[in-house]
Amino acid sequence: MRQDHLISAAQLSRDDVEAVLDRAADIDADLEAWRQRRAGSVLGLCFFEPSTRTRMSFDTAMKRLGGRTVDMGPVDSTSVKKGESLADTVRVVEGYADAIVLRHPLEGAAKMAAEFVDVPVINAGDGAGQHPSQTLLDLYTIRENAGLDDLTVGVMGDLKYGRTVHSLAEMLTNFESRQHFISPESLRLPRSVRYDLHASGAQVREHTDLAEVLPELDVLYVTRIQRERFPDENEYRKVAGQYQIGPDDLDGAKDSLTVMHPLPRVDEIAPEVDETPHAKYFEQAHNAVPVRMALLDMLLEGDE
Amino acid sequence: MSDTNKQLRVSKIRDGTVIDHLAAGQALNVLAILGIDGSGGEGVSIGMNVPSDRLARKDIVKVEGRELSQSEVDVLSVISPEATINIVRDYEVVEKKRVERPEEVTGVVSCPNRNCITNADEPVVSRFEVLSDGLRCGYCGDIVREGEVAENLDVS
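Respectively, the protein sequence lines represent chains A and B. Residue 98 in our numbering sits at position 98 of the first sequence; the count goes up by one each step and never skips. Residue 148 in our numbering sits at position 148 of the second sequence; the count goes up by one each step and never skips.
There's no promise every hint is true.
Said to hold, decoys possible - To give an idea of the interface, some chain B residues facing chain A are shown, with a C-beta separation under 7 Å as derived from the structure:
(1) Y91
(2) N115
(3) C116
(4) A120
(5) V124
(6) V125
(7) E129
(8) Y139
(9) G141
(10) D142
(11) I143
(12) G147
Keep in mind the hints are simulated off the structure, nothing from the lab. Backbone N, C-alpha and C define an ideal beta-carbon position, used for all residues, glycine too.
Work out the full structure, taking the sequences as your base and the hints as a guide.
As structure tokens, this is what we get:
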């Protein structure tokens, strides 16, 4: 992979994706060998909205490569609170760090930030836009459990605002896959993602009911239906209830079905599912560290 | 309708630009693109829904003493790909050109996605990739269909 920044899934070819996943597998196999790989490097963590997994896994990944992190901390205690622009913030952090990880509530924030700095910028989620490093760890998990070709993937939940869904849908077009999108009508994929899927010739079908497609699936990727997206609490409850899965809901699925979730979950997946062989979401979360180690290592390598 | 009648409806200009073969109904949007609201003192003639051999119905805009910038022509090409631009000097057409769809337009259309970084208080100019039937924000990726471009013009 030879990239300056990682902003969108659309940037990555199949070869790029496989190069990251292969390096992540090498790291996973012998973590000790990578311990001083990026000694002396500093990663800037700029999180403009709350994050637990993404922030901690990038922090851990950099430290496991022997590097260090500088974290701007919660927005409330930074210059952002005083009205500093994002463009200025990243230009300041560029002076402290060799790469920047950016989480921001506005779509296109990472793209803009990358135009103001010379160090690599990694988009760690921009509003309802993209979250490409999440998708790399999702694909790592899928490759380990189901392989990456001849795949039938179901994606269920909030497809409209779910940035992990947008990145995953785009990145899956690099592989031989059939994609099924299951959601309430009001939370269907946004027009821009449909446009890209159509342009790439992807095999896509949309559903409102998981049962229509469950038996075909190799992977079921569940996302949270966000309460705050619904102006009416009753509407939320009515819809959300239809997109929760318990062990009984998986009757009729392939034995090999892999169930994933970017986390945090609220009540989309019942705790009883955790005990089934389908549940891979905690494994998915753990894969964040080797995959982000691989990504950081490669971006910093390109920066040398 | 004869040429003479057309000329009666839309009078000749001495120096300026004639934007012809606009899609019917786009004349006022063209004025918006050019930032013309009458307060600047330009002489403007407009023909709307004028019969046309090529388009059946078309709009025409004539602006005295004004030539279009490339970014204005770029947006014009998106809302009206069949448009022609005639530069007039001393009542004569000295240059006549068809608009060409550019690869991108910059700074003249606002992203309709209110959650796009280009709508925040940041030092960034809107940029759109030109698609076959609309525009795509270069930052958030949102798509503006051809028919929605006019309502998102960033003119003041």
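These are the hints, each one checked on the structure:
| no. | hint | verdict |
| --- | --- | --- |
| 1 | Y91 | 47 Å, violated |
| 2 | N115 | 5 Å, holds |
| 3 | C116 | 5 Å, holds |
| 4 | A120 | 6 Å, holds |
| 5 | V124 | 5 Å, holds |
| 6 | V125 | 10 Å, violated |
| 7 | E129 | 11 Å, violated |
| 8 | Y139 | 3 Å, holds |
| 9 | G141 | 5 Å, holds |
| 10 | D142 | 6 Å, holds |
| 11 | I143 | 5 Å, holds |
| 12 | G147 | 14 Å, violated |
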